[in-house]
Amino acid sequence: GNSVTQMEGPVTLSEEAFLTINCTYTATGYPSLFWYVQYPGEGLQLLLKATKADDKGSNKGFEATYRKETTSFHLEKGSVQVSDSAVYFCALSDNTNAGKSTFGDGTTLTVKP
Amino acid sequence: DVKVTQSSRYLVKRTGEKVFLECVQDMDHENMFWYRQDPGLGLRLIYFSYDVKMKEKGDIPEGYSVSREKKERFSLILESASTNQTSMYLCASRDRHNSPLHFGNGTRLTVT
Chain F
51 GNSVTQMEGP VTLSEEAFLT INCTYTATGY PSLFWYVQYP GEGLQLLLKA TKADDKGSNK
111 GFEATYRKET TSFHLEKGSV QVSDSAVYFC ALSDNTNAGK STFGDGTTLT VKP
Chain S
2 DVKVTQSSRY LVKRTGEKVF LECVQDMDHE NMFWYRQDPG LGLRLIYFSY DVKMKEKGDI
62 PEGYSVSREK KERFSLILES ASTNQTSMYL CASRDRHNSP LHFGNGTRLT VT
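Protein chains in written order, with my numbering: chain F, 51 to 163; chain S, 2 to 113.
Worth flagging that the hints you see were computed from the coordinates, not collected in a lab. Don't take every hint at face value.
[Claimed, not checked] Which chain S residues face chain F? A few, computed with CB under 10 Å, are given here:
{"id": "1", "residue": "Gln7"}
{"id": "2", "residue": "Ser9"}
{"id": "3", "residue": "Arg10"}
{"id": "4", "residue": "Leu12"}
{"id": "5", "residue": "Lys14"}
{"id": "6", "residue": "Arg15"}
{"id": "7", "residue": "Gly17"}
{"id": "8", "residue": "Gly43"}
{"id": "9", "residue": "Phe49"}
{"id": "10", "residue": "Tyr51"}
{"id": "11", "residue": "Val53"}
{"id": "12", "residue": "Pro62"}
{"id": "13", "residue": "Gly107"}
Note that the Cβ used here is the ideal one computed from N, Cα and C, for glycine as well.
With the hints as extra help, turn the sequences into a complete structure.
See below:
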């Protein structure tokens, strides 16, 4: 079956540091890939997505590139802020009509001033 | 903006009770999902539905059932609640397979 493996946390960074959260996946066919973010007390919300190989998703300074050859979708940001503190989930959806999604375990990021 | 509304933020139930968790979405999405979220385990799919009255088991359906009588509403039912069902439950909906999921804010269920 499909699976997503993402970097274990927690991750603690100082403000303005560079962020990388690794994500690799196993799937048949050509899944769509997503990063979601969860702030305390809230549900998940989409951060960015990519639907085919070599696509780059970007939003709010975060970026991730769909790498089919390495089955990876690593999340990066050049300069993190305290407000980026949250839990980040990598996910894929298969190409059935419903798009059943598989999630990684989540990585907790804390950014200190 | 898509809104997914879960009826309760917090619920406390006793072992053996029948529990209903309700979810409503307002964007006419075909597909709806129930996940549970536990520390260190990420999100695990319980059930999903791709149309009214249609449902499919996810990865951990045991002890749960669902109902989708109307397109906008997807209910999760715990037939006889047990303490190992204490968890955060997240409802989500989406349009097509490669569109993002839209999540509710979750229901934190405690079974005592």
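Results of checking the hints against the structure:
A cut of 10 Å between beta carbons decides the hint on S/Gln7: the least distance to chain F is about 8 Å, and the hint holds. The interface hint given for S/Ser9 is broken, as the beta carbon of that residue sits about 14 Å from the closest beta carbon of chain F, more than 10 Å. A least Cβ separation of about 9 Å between S/Arg10 and chain F falls short of the 10 Å threshold, and the interface hint therefore holds. Checking S/Leu12 against chain F by beta carbon gives a least distance of about 16 Å; that is not within 10 Å, so the hint is violated.
Taking 10 Å as the C-beta cut-off, the interface hint given for S/Lys14 is violated, the closest approach to chain F being about 21 Å. At a threshold of 10 Å, the smallest CB-CB gap from S/Arg15 to chain F is about 25 Å, leaving the interface hint violated. For S/Gly17, the shortest C-beta to C-beta distance to chain F is roughly 29 Å, which exceeds 10 Å, and the interface hint is violated. Proximity of S/Gly43 to chain F holds as hinted, the smallest CB-CB distance being about 4 Å (cut-off 10 Å).
A hinted interface residue such as S/Phe49 counts as satisfied when its beta carbon comes closer than 10 Å to some beta carbon of chain F; here the least separation is about 6 Å, so the hint holds. The beta carbon of S/Tyr51 comes within 4 Å of a beta carbon in chain F, closer than 10 Å, and the hint placing it at the interface holds. The restraint placing S/Val53 at the interface with chain F is violated, with a minimum CB-CB distance near 13 Å, outside the 10 Å limit. At about 13 Å, the closest approach between the beta carbon of S/Pro62 and any beta carbon in chain F exceeds 10 Å, and the interface hint on this residue is violated.
Interface hint status for S/Gly107: upheld, as the beta-carbon distance to the closest one in chain F is roughly 5 Å, under 10 Å.
The structure is inconsistent with the numbered hints 2, 4, 5, 6, 7, 11, 12, although it conforms to all the rest.
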